[in-house]
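Student: For the record, the sequence lines run as chains A and B.
Under UniProt numbering, think of the first position of the first sequence as 1, with each following residue one higher.
Under UniProt numbering, think of the first position of the second sequence as 1, with each following residue one higher.
Don't read these hints as lab results, they were simulated from the structure.
Since the model is a prediction, treat every value here as computed from it, not as a measurement.
Check before you lean on any hint, since a few could be wrong.
Stated by the list, open to error - Derived SDA-like pairs (lysine to any residue); straight-line CA-CA distance at most 20 Å: (1) B:Lys241 - A:Glu270; (2) A:Lys202 - B:Arg271; (3) B:Lys142 - A:Gly278; (4) B:Lys275 - A:Gly141; (5) B:Lys142 - A:Ser264; (6) A:Lys284 - B:His155; (7) B:Lys275 - A:Ser264; (8) B:Lys275 - A:Thr138; (9) B:Lys241 - A:Thr138; (10) B:Lys275 - A:Pro277; (11) B:Lys241 - A:Glu275; (12) B:Lys142 - A:Pro145; (13) B:Lys275 - A:Pro145; (14) B:Lys204 - A:Glu270; (15) A:Lys202 - B:Ser105; (16) B:Lys275 - A:Glu275; (17) B:Lys241 - A:Leu108; (18) B:Lys335 - A:Thr269.
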Amino acid sequence: MSEPLLQVEQLQTHFWTPDGINRAVDGISFHVGAGETVAIVGESGCGKSVTAMSMLRLIPEPPGKIAGSIKFQGKDLLKLSEKEMRAIRGNEISMIFQEPMTSLNPVLNVARQIGETLRLHQGLSARQAEDKAIEMLTLVGIPEPARRVREYPHQLSGGMRQRVMIAIALACNPKLLIADEPTTALDVTIQAQILDLMRDLKHRVGAAIVLITHDLGVVAEVAERVIVMYAGKKVEEAQVGALFRTPRHPYTQGLLGSVPKLGSSLTGTETRLAEIPGLVPSLKRKIDGCVFASRCAYATDLCRKLAPALEEKAPGHVAACHYAMKEAIAA
Amino acid sequence: MSRPVLEVMDLKKHFPIHGGFFGGVTAKVYAVDGISFSIDKGETLSLVGESGCGKSTVGKAILRLFGLTDGQVVLDGTRIDDMPAGTLRPLRRRIQVVFQDPYSSLNPRMRVRDILAEPIRNFGLAKNKAELEERVALLMDKVRLPRDAVGRWPHEFSGGQRQRIGIARALAAEPDIIICDEAVSALDVSVKAQIVNLLQDLQKELGLAMLFISHDLAIVEHMTHRVAVMYLGKIVEVATKRDLFSAPKHPYTEALLSAVPVPMPGAARERIILKGDVPSPINPPKGCRFHTRCGYAFDRCRVDEPVLKITDAGHWAACHLHDRPAAENPMAGAKGADLIAAH
Ligand SMILES: Nc1ncnc2c1ncn2[C@@H]1O[C@H](COP(=O)(O)OP(=O)(O)OP(=O)(O)O)[C@@H](O)[C@H]1O
Ligand SMILES: Nc1ncnc2c1ncn2[C@@H]1O[C@H](COP(=O)(O)OP(=O)(O)OP(=O)(O)O)[C@@H](O)[C@H]1O
Ligand code: SF4
Ligand SMILES: [Mg+2]
Ligand SMILES: [Mg+2]
Chain A
1 MSEPLLQVEQ LQTHFWTPDG INRAVDGISF HVGAGETVAI VGESGCGKSV TAMSMLRLIP
61 EPPGKIAGSI KFQGKDLLKL SEKEMRAIRG NEISMIFQEP MTSLNPVLNV ARQIGETLRL
121 HQGLSARQAE DKAIEMLTLV GIPEPARRVR EYPHQLSGGM RQRVMIAIAL ACNPKLLIAD
181 EPTTALDVTI QAQILDLMRD LKHRVGAAIV LITHDLGVVA EVAERVIVMY AGKKVEEAQV
241 GALFRTPRHP YTQGLLGSVP KLGSSLTGTE TRLAEIPGLV PSLKRKIDGC VFASRCAYAT
301 DLCRKLAPAL EEKAPGHVAA CHYAMKEAIA A
Chain B
1 MSRPVLEVMD LKKHFPIHGG FFGGVTAKVY AVDGISFSID KGETLSLVGE SGCGKSTVGK
61 AILRLFGLTD GQVVLDGTRI DDMPAGTLRP LRRRIQVVFQ DPYSSLNPRM RVRDILAEPI
121 RNFGLAKNKA ELEERVALLM DKVRLPRDAV GRWPHEFSGG QRQRIGIARA LAAEPDIIIC
181 DEAVSALDVS VKAQIVNLLQ DLQKELGLAM LFISHDLAIV EHMTHRVAVM YLGKIVEVAT
241 KRDLFSAPKH PYTEALLSAV PVPMPGAARE RIILKGDVPS PINPPKGCRF HTRCGYAFDR
301 CRVDEPVLKI TDAGHWAACH LHDRPAAENP MAGAKGADLI AAH
């Protein structure tokens, strides 16, 4: 097998804080193939954004400290100089964030926002950059692109701002797009537009996508493969179908059981929501056993003492649980 | 049939926009523009719709956080919207609210004990100190927090625990109606399930009426008895949960249902992607407010504003399509399952 586009090995991003070291990301490994869409899910604070920021080396160091390796097209990004890294950011790897208002520059019009990256990375002239900006706005479905391109972020609606973010991210034909909660701040009908746009663009542009979200519905709709994170660790990974059909890790099972499914009142499958008791553990204290043991219904002394290794429980399906069944549990 | 515990009739709330040289009123936000509904004892009615459609404004108007532009709010047969503050006081106890943000809605300088004691004292619900303490302890039990946590400060609790305190505070007043304004929206998935279950249990146990304001349709379906869908300050559809999810009668509801991502990979469903954004409530479109985004709009929709009409027993929709013969009405059938891929 050829080398994947992105290969993350034992990524560890810790933060120094006055009351201890925050193990935000604590040794996770995964890969992303060319053109593939991989989702990272998990609850607030489990380290999704820190993983994304680490991949682009946008973590302030100190207080942060990144270890491990992040091989992108064979090159370890953690070994590059800041200058080399800048040539990759926004060019070969680009990123879209949850809140476009804070990531767009309020004093630049749309033409400049998009043009800036193009001029920086591709050396286009101002004129060419503006033409390309209009082309990109058309691509992301903004009506009247020639007028909109002269507007400023505050003149745009939330959905349009997110489209502009996507236009900027795609302007240089990246090979990898990291999208951190790209639709979380949007209304559901606008979210549907943006997800539709992302799917459509993926077919046309062919970029691989790392999609970060806490919304299992969004995962089911766009991802091909899913990584479940809990307290800074990867606890499960599988193809999207397998993950939803036969979740192996008790945390994933709990997560899936805790969201109501639209339409359950029609099928008579309405049940009480599953609760995962308790709270996510603090990342500032070292956890010896399984990170989920304090909330897991199946936990035994073994779980509390020894951290389970990630094991392949079925082809392409790994989970870090001492008891996760090797055979599919008939659901 | 007994009278609903809460009735809202033709409620309007317009916010003036000041501007211009003399700072006069230059325009108005038609935040809520003539809506009516009622809630029975023990019933949950949900208000759904996208950001800015006026959901919170409805809740705040009922709570009298500001005056109404027009309309009436009737609590158990008594009109309360025009009552002077003094007379309103005892009635105020009967409607309580739980907001989205447990962080900002709890006073950081009060211990949990005092947060819960305040409404009990204000409304004179305890005869003496011992009874007050007892009530506070029982409230902690009700929301499943340890009794000995009453001495702690809000910042010592997690988001979900703070929301439990917010719920306990609302229950302290012994209300008949609870308004939940996005009460679970800010919570993490697994914690959200805990609070949803708690609210459901409490409602059953105490026979509370609930106005559940949310933009999350899956949670609404799970929680509610009936649903009112809002768009730009108007209710466009009202129905029982089952009717609304199985056979939406308004094109906006249909689009909303089809837009919700469902956690079922590969689910084959009909997708309706609305074009454009929600128009501004300062200048809502003439005719049907939804016509700028509606895939079925025809000439009449651009000039004539549809009113809520009954389409089936207990099912109301404001759409001109229902004046057409069934063969020419794409909203006549039952297609909920195709939209949401119910299996
Ligand atoms: N610059 C920083 N300094 C110190 N700690 C940080 C910093 N950035 C993030 N953290 C911590 O790292 C942990 C993981 O945060 P992260 O933002 O990755 O969570 P997340 O999974 O993206 O959550 P959410 O769903 O809320 O966005 C948290 O405990 C957070 O407080
Ligand atoms: N005090 C106010 N002054 C002026 N306009 C207001 C005021 N409060 C609300 N509005 C406007 O009224 C409209 C309805 O607002 P409201 O908060 O009721 O919406 P909502 O449906 O609760 O939205 P969300 O889902 O975002 O909470 C919005 O356009 C809002 O900007
Ligand atoms: S009245 Fe016309 S525009 Fe409005 S929802 Fe019905 S068909 Fe669409
Ligand atoms: Mg994040
Ligand atoms: Mg609101």
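Student: For which of the previously enumerated hints does the structure constitute a violation, in increasing order of number?
Tutor: Violated hints: 5, 7, 9, 10, 11, 12, 15, 16 and 17; rest satisfied.
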